[in-house]
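Given next are the chains, with one letter for each unit.
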Amino acid sequence: MSGLHLRHGGLGIVDSLEVRDRVPATPARRRTGGLIFVAGCFMVLGPAAPALAGIGEGNGEIGVDYAIQRLDSGLEVGSGGRPSLRAGQHVTGSLQWEGQVTRISVEEEPLPGAARKVTLSFALANLVYNFHPRRGVVPYVLAGMGLAKTDLEAVGLSSGDTQTAYQIAGGSRFFFGERGAAALRIELSILGNDAFEHSYFHYSIAAGFTFRLGREPT
Amino acid sequence: MNKTPILAALLALLPIASSCATRIEVELEGTWHGNWTSGPAAGSLDVTFSGKRSFGDMTLYNVSLVASGPTCTSGEDRGAGDRTAAFRVDDVRFAVRMTGGPPGASDGIFHFDGALIGTREIDGSYVLTSGSCPACTCGMGDSGSWTLLK
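Same order as they appear, the protein sequences are chains R and U. Counting in the numbering used here, the first sequence runs from 1 upward without gaps. Counting in the numbering used here, the second sequence runs from 1 upward without gaps.
Bear in mind the hints are in silico, worked out from the structure with no lab data behind them. Mixed in with the good hints, there may be bad ones.
[To be verified] Calculated lysine-lysine pairs in the DSSO-like style (CA-CA distance at most 30 Å, straight line):
| id | chain 1 | residue 1 | chain 2 | residue 2 |
| --- | --- | --- | --- | --- |
| 1 | R | 149 | U | 52 |
| 2 | R | 117 | U | 52 |
| 3 | R | 149 | R | 117 |
| 4 | U | 52 | U | 150 |
Please build the complete structure, drawing on both the sequences and the hints.
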């Protein structure tokens, strides 16, 4: 049996690396075991740790990104690009509020002059929870609510509605350098909006840049 | 003056008024029969709406059209479009690409713009938006008017 094994006896106590195969542990093995233990502690405690890098408590953040978004099948137009502008403030090391405005317009034209066009404009307030597993990488999850304006055109007819918008998302910021104020931001999200007595859900993947506004976090 | 009869009459009218305010759900799906006219030329027109899909507060349909007239050498002109018919409140718009033209010829695309009258009649006008229609033989011309009944 390789790796961990059970000592003979009724209690089944798990052996440490030191007594494995009845061979005394070498210093290298002890270091490896210690590193695994420390890495495990970081993985478990990292999300709850205070800010180690990235934006920092009290600082602001501003960013732009571009999402590839698959529109709800009920909107009959497939996928398109959606630019976003975001800005917000980190209330604590982990908690952040963020405002986001974004817009997508997708058009399909099965025959000349018979286009279907969908334009969605969102204004959202997001509550973001940031994790700090290691310096320079800041994963996050967010939930947001706001308003969405839905404009539809089909074969020359047009219609519009403005109702509630909502969003859940998760992603990560990857800072350029441990002391960098700029980061690459990757995000997966589900945007939703109500319009015309329907609820529509749109899946998207986004990439962009985000910038710290304020002093370097300690 | 005794107001009781007046109040009773008003109460009796309330359900009628309420039913008048409720919009009747109109369904375009199916085949509509009618005619087209373009100047002195005229002919019959059959339009079929199918594949109903919701699109916000509009409804989209696939559409196919069969037109005939006195100048048709082959008997009829045909056109179709995939999700190129839209209906909202009482506006009906659809576009069709005419089929059957000579190989390599440009498409003939007609746009139809109509208004629903009641629940069983659509009146409107049409325009040839593609400049020419090599497939057309029935003399619908560049523009005209149309009526469909269900």
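Point to revise | Those earlier numbered hints the structure runs against, lowest number first | key: Nothing - there is no hint that the structure violates, so all of them hold.
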